[in-house]
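Whole structure, please, built from the sequences with the hints as guidance.
Protein chains: 2
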Amino acid sequence: MRKVAIVGGGATRCGKRKASWRDLVQEAGKAMFESVDNLSPKDVDSLIVGAAQPERFVFQAHVAPMVAEYLGITPRKVIARTELMCASGQAAIRYAWACVATGLADVAVAFGVEKMFMPDMAEAQTNMTCVLDREWDGVNGLSAPPFFAMTAQRHMHEYGTTKDQMALVSVKNHHYSSLNPFAQFQKEITVEDVLKSVAIAPPLNLFDCSGITDGAAGVILVPAEDAKKYADTPMYVIGSGQASIGNAINNFASLTDWVPLKIAAKEALRSAKITLDNIDIAEVHDCFTISEIIEYEAFGWCEKGEGGKFIEDGQPYIGGKVAVNPRGGLLGCGHPLGATAILQAIDILQQFKGAVPKGRLVNDAEIAVAHNLSGAANVHSIVIYSR
Amino acid sequence: MRKVAIVGGGATRCGKRKASWRDLVQEAGKAMFESVDNLSPKDVDSLIVGAAQPERFVFQAHVAPMVAEYLGITPRKVIARTELMCASGQAAIRYAWACVATGLADVAVAFGVEKMFMPDMAEAQTNMTCVLDREWDGVNGLSAPPFFAMTAQRHMHEYGTTKDQMALVSVKNHHYSSLNPFAQFQKEITVEDVLKSVAIAPPLNLFDCSGITDGAAGVILVPAEDAKKYADTPMYVIGSGQASIGNAINNFASLTDWVPLKIAAKEALRSAKITLDNIDIAEVHDCFTISEIIEYEAFGWCEKGEGGKFIEDGQPYIGGKVAVNPRGGLLGCGHPLGATAILQAIDILQQFKGAVPKGRLVNDAEIAVAHNLSGAANVHSIVIYSR
Numbered sequence: 001m002r003k004v005a006i007v008g009g010g011a012t013r014c015g016k017r018k019a020s021w022r023d024l025v026q027e028a029g030k031a032m033f034e035s036v037d038n039l040s041p042k043d044v045d046s047l048i049v050g051a052a053q054p055e056r057f058v059f060q061a062h063v064a065p066m067v068a069e070y071l072g073i074t075p076r077k078v079i080a081r082t083e084l085m086c087a088s089g090q091a092a093i094r095y096a097w098a099c100v101a102t103g104l105a106d107v108a109v110a111f112g113v114e115k116m117f118m119p120d121m122a123e124a125q126t127n128m129t130c131v132l133d134r135e136w137d138g139v140n141g142l143s144a145p146p147f148f149a150m151t152a153q154r155h156m157h158e159y160g161t162t163k164d165q166m167a168l169v170s171v172k173n174h175h176y177s178s179l180n181p182f183a184q185f186q187k188e189i190t191v192e193d194v195l196k197s198v199a200i201a202p203p204l205n206l207f208d209c210s211g212i213t214d215g216a217a218g219v220i221l222v223p224a225e226d227a228k229k230y231a232d233t234p235m236y237v238i239g240s241g242q243a244s245i246g247n248a249i250n251n252f253a254s255l256t257d258w259v260p261l262k263i264a265a266k267e268a269l270r271s272a273k274i275t276l277d278n279i280d281i282a283e284v285h286d287c288f289t290i291s292e293i294i295e296y297e298a299f300g301w302c303e304k305g306e307g308g309k310f311i312e313d314g315q316p317y318i319g320g321k322v323a324v325n326p327r328g329g330l331l332g333c334g335h336p337l338g339a340t341a342i343l344q345a346i347d348i349l350q351q352f353k354g355a356v357p358k359g360r361l362v363n364d365a366e367i368a369v370a371h372n373l374s375g376a377a378n379v380h381s382i383v384i385y386s387r
Numbered sequence: 001m002r003k004v005a006i007v008g009g010g011a012t013r014c015g016k017r018k019a020s021w022r023d024l025v026q027e028a029g030k031a032m033f034e035s036v037d038n039l040s041p042k043d044v045d046s047l048i049v050g051a052a053q054p055e056r057f058v059f060q061a062h063v064a065p066m067v068a069e070y071l072g073i074t075p076r077k078v079i080a081r082t083e084l085m086c087a088s089g090q091a092a093i094r095y096a097w098a099c100v101a102t103g104l105a106d107v108a109v110a111f112g113v114e115k116m117f118m119p120d121m122a123e124a125q126t127n128m129t130c131v132l133d134r135e136w137d138g139v140n141g142l143s144a145p146p147f148f149a150m151t152a153q154r155h156m157h158e159y160g161t162t163k164d165q166m167a168l169v170s171v172k173n174h175h176y177s178s179l180n181p182f183a184q185f186q187k188e189i190t191v192e193d194v195l196k197s198v199a200i201a202p203p204l205n206l207f208d209c210s211g212i213t214d215g216a217a218g219v220i221l222v223p224a225e226d227a228k229k230y231a232d233t234p235m236y237v238i239g240s241g242q243a244s245i246g247n248a249i250n251n252f253a254s255l256t257d258w259v260p261l262k263i264a265a266k267e268a269l270r271s272a273k274i275t276l277d278n279i280d281i282a283e284v285h286d287c288f289t290i291s292e293i294i295e296y297e298a299f300g301w302c303e304k305g306e307g308g309k310f311i312e313d314g315q316p317y318i319g320g321k322v323a324v325n326p327r328g329g330l331l332g333c334g335h336p337l338g339a340t341a342i343l344q345a346i347d348i349l350q351q352f353k354g355a356v357p358k359g360r361l362v363n364d365a366e367i368a369v370a371h372n373l374s375g376a377a378n379v380h381s382i383v384i385y386s387r
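Chains as they are written, first to last, in my numbering: chain B, 1 to 387; chain F, 1 to 387.
Just to be clear, a hint being listed does not mean it is correct.
Copies of the same chain look alike in the list, so a pair counts if it fits in one copy or across any two.
Derived DSS-like pairs: lysine-lysine, alpha-carbon spacing no greater than 27 Å straight-line [as the list claims (entries may be wrong)]:
{"id": "1", "residue 1": "Lys228", "residue 2": "Lys273"}
{"id": "2", "residue 1": "Lys196", "residue 2": "Lys321"}
{"id": "3", "residue 1": "Lys3", "residue 2": "Lys163"}
{"id": "4", "residue 1": "Lys309", "residue 2": "Lys163"}
{"id": "5", "residue 1": "Lys42", "residue 2": "Lys266"}
It is worth saying that the hints were derived from the structure and are not from the lab.
Computed from a predicted structure; not experimentally measured.
What follows is the structure, encoded as structure tokens:
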């Protein structure tokens, strides 16, 4: 296996964009190619596109060749779209990485895009009901917010976690996203703002939930030995892990014990030949505030049930035990499904370059983990990057 | 890169099935596991699911973990769904192959499934309009049948190809599918049947078009060195190629010259270290009769424009220059999008084992190519297998 580097990346600003699906692709593609030297679209031999639901959001299938067309790429080694709902972009990075690692590809783009704002937002909401198992869970009204609400209730019951502690996650991530010009939400919020925001599914209020978001992003992967041709400061894929249990929520022995995350994290650390203590930055999947709290625990930064206290003690802030979501997370930056993992990768690259605003810069960061969950937290996908 | 083997596979019968999407998955999964020795669902560490449009056909996303659940698999190395419309299954095989080749996975399932029959078939037809670029081509009424009809008209105009010659492709493939118990259409037809069948998009009649089909299929990939543990006669992935141009049809310089197919075929042969003459069986993507005629030419079994004469001379029959679609093709077996490439792979494995009915057995076949196109023939995906 060849070692693989990410040499550059570009993204749109995320949010409710007055831009079509195509506009988003082109905007991110232009930024992506401008981020590297000595590389033009014609040099790219492979393209993997992460997209969760273009068939429903923009009624367009076969999106990989469309992205190729709008980027001016003519893939001649590998082309595919990956779908793994909220982790679709991470699946794209992992497939592109495998292609370059094997030698199937020499210059691969992993791209993510989602246009989620629709003329009729009721339709967008309906679309999201097919993420969980529609016949077992959807029929009972279970989409993502009520699932994570149940999870939060259970965590509160089992461990005494409070709404205030959950709110602190959102406060932290909005703090960092206020310093991120690509973020959907660029305003600081307070615990009180979270607690007073409209109830979505108790105990989760509006600011406990990541947004509906339009956005696109792409990164370029090459063999590590070629990386310096394209960038002074590439970053390297040093490990990865992924694990899942079935889609219906009756597969869980416990709502608050994310076994597949533990398996994926263990494999990612093993393959990267590092320990948890080596990680300087963690971009983890805070689709809801409770998610990030359980992730502190499942990764092992704190004991099971101590996630609430971990944020209360300021441990996931820059300068704490580990900097969690210094990009601003999904809560602050928005969550354009297929693009999210690519946006995480780009921000990590910017961190390694020291090119992010001061208040959210992790000094001398060497190693970062990027994590996405999908469905009812039943699939977890992880990539570890090094400077 | 490790050499990779396919040790077994199983499928549903294809057609208009009184079976749900889940039923199809389980039926194929059961057959798949029964096809191998010493291997149970819990041994599978990775799963790639090829599916073209479950979001629209059965309103279900995040299908990879659902397939895992219904097969009793708990992926702990790699899980994803690939979408490349009609080549979604080939994309799954290629990704699974890359995973095993790199060592990311040790036992991977490539699975394909599509439930295309809907309560309202007008909705199924509408779904298929988002395959081509909806804003450039779909808006002008261009879905697959009119696109391939234009291609056929152009081929007739440029090279004098006739409707009778195209009909012969369907006659051949229905002949072979009449000997295939998994096929959607198991009756022989005549040239007259094709010419008298209802016009779909001139010059294409009903029997010039592959069907709407329900079906599922899965294959199991392992490192070649482990293959004999699971099967007496595994087959090996020895090469692969893929190429594309953008999705809108204005990317073509010529409708009848499938440049990406030529690029993909050249790369597949190069990577397999063989020439075209080494190929005994060709399972190629005959979504329409004209497709197979152009494929004879683009692969190079005959000169450009001579595809019509090639079938007229009986060259693509068993015993001719190359056995093309002895499975019965998409025309005879149906085309359950995501499952199609998996079905091709399974039939090739059965051919290598000598386990297909006599009238369609290619004696002593050593090497086979499997090909799928997607969209407006703008992406071509190829895998080469050896005994």
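If any of the earlier hints don't hold here, list their numbers in rising order. The structure breaks hints 2, 3; every other hint is satisfied.
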